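So the chains spell out like this:
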Amino acid sequence: DTGVSQNPRHKITKRGQNVTFRCDPISEHNRLYWYRQTLGQGPEFLTYFQNEAQLEKSRLLSDRFSAERPKGSFSTLEIQRTEQGDSAMYLCATEGGGWSYEQYFGPGTRLTVT
Amino acid sequence: AQSVTQLGSHVSVSEGALVLLRCNYSSSVPPYLFWYVQYPNQGLQLLLKYTSAATLVKGINGFEAEFKKSETSFHLTKPSAHMSDAAEYFCAVSDTGANSKLTFGKGITLSVRP
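These protein sequence lines are chains G and Z, in that order.
Per this note's numbering, the first sequence starts with residue 1, numbered consecutively.
Per this note's numbering, the second sequence starts with residue 1, numbered consecutively.
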């Protein structure tokens with residue numbers, strides 16, 4: 001257990017529905033990242049927060065995706081009008097202040113779109 | 001742009017044998033390099049990192065890796081494999097700025113035969 005929690009762990013939804021995932025970081029970790037991992041691939045960067053500010057978004061993050069980190073604490077990732085191609089593992093990682101360059105990953109949320 | 005190449009998707013070794021997992025990177029700036037391990041249904045765990053200090057880096061569980069700039073490589077080794085080492089291993093590279101997002105390779109599945 002890295003101290004990063006994600007909920008839910010699994011989500012099955014029908015195409016066209018909206019889903020929201022939550023990530024609770026290690027306390028006082030000011031940097032938070034979202035990644036997406038599909039079968040047989042390494043994780044791919046989606047977006048990055050420093051405190052509450054979303055500082056970078058990958059071009060993988062279409063306009064159906066939105067992420068927030070209110071007050072620099074937990075973060076949510078929402079996918080609107082889900083598509084079958086959204087089926088993947090969504091991983092959250094957090095990193096403390098300073099320059100440790102050590103990201104701690106949560107267990108992930110596995111999304112299946114039917 | 002940065003990239004990581006992990007040749008082969010699967011490596012099988014006997015218990016007690018040397019483990020060698022290869023990683024080559026491409027980066028326009030001096031990189032920071034990482035190896036992560038992922039056990040089934042779990043998030044990623046950092047094994048070791050190179051952040052421009054010693055080129056031979058020791059990590060957890062007896063793993064080590066050597067940064068070779070001339071070969072743009074960061075291969076992971078362990079002298080003697082244990083059954084518990086069976087997992088998926090990812091090599092990753094990051095920027096050295098404030099946003100240390102990771103770019104991962106496709107990963108290598110390590111099997112350990114009794």
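What the hints contain is simulated information worked out from the structure, not anything from laboratory work.
It should be emphasised that the depicted structure is a prediction, and the values quoted were computed from it without experimental measurement.
Take the hints with a grain of salt, since some may be wrong.
Distance condition first, Cα-Cα at most 30 Å in a straight line; then the derived DSBU-like pairs of lysine-lysine [what the hints assert, rightly or not]: (1) Z/Lys106 with G/Lys14; (2) G/Lys57 with G/Lys11; (3) G/Lys11 with Z/Lys69; (4) G/Lys57 with G/Lys71; (5) Z/Lys106 with Z/Lys68; (6) G/Lys11 with Z/Lys68; (7) Z/Lys49 with Z/Lys106; (8) Z/Lys58 with Z/Lys69; (9) G/Lys14 with G/Lys57; (10) Z/Lys69 with Z/Lys49; (11) G/Lys57 with Z/Lys106; (12) G/Lys11 with G/Lys71.
Going down the list of hints, with the structure as the test:
A hinted pair counts as satisfied when its Cα atoms are at most 30 Å apart, and lysine 106 of chain Z with lysine 14 of chain G qualifies at roughly 28 Å. The suggested pairing of lysine 57 of chain G with lysine 11 of chain G holds, with an alpha-carbon distance near 23 Å, which does not exceed 30 Å. At roughly 43 Å between alpha-carbon atoms, lysine 11 of chain G and lysine 69 of chain Z are farther apart than 30 Å, so this suggested pair is violated. Among the hinted pairs, lysine 57 of chain G with lysine 71 of chain G is consistent with the structure: their alpha-carbon atoms are about 19 Å apart, no more than 30 Å.
The suggested pairing of lysine 106 of chain Z with lysine 68 of chain Z holds, with an alpha-carbon distance near 21 Å, which does not exceed 30 Å. For the given pair, lysine 11 of chain G sits about 42 Å from lysine 68 of chain Z by alpha-carbon distance, which is inconsistent with the 30 Å threshold. Using a Cα cut-off of 30 Å, the hinted pair lysine 49 of chain Z and lysine 106 of chain Z holds, with the two alpha carbons roughly 18 Å apart. Proposed proximity of lysine 58 of chain Z and lysine 69 of chain Z is supported: the alpha carbons are some 18 Å apart, at most 30 Å.
For the suggested pair lysine 14 of chain G and lysine 57 of chain G, the alpha carbons sit about 26 Å apart, so the restraint of at most 30 Å is met. A C-alpha spacing of about 15 Å is found between lysine 69 of chain Z and lysine 49 of chain Z, which places the hinted pair at or below 30 Å, so the restraint holds. A hinted pair counts as satisfied when its Cα atoms are at most 30 Å apart, and lysine 57 of chain G with lysine 106 of chain Z qualifies at roughly 21 Å. Taking the CA atoms of lysine 11 of chain G and lysine 71 of chain G, the gap is near 26 Å; set against the 30 Å cutoff, the hint holds.
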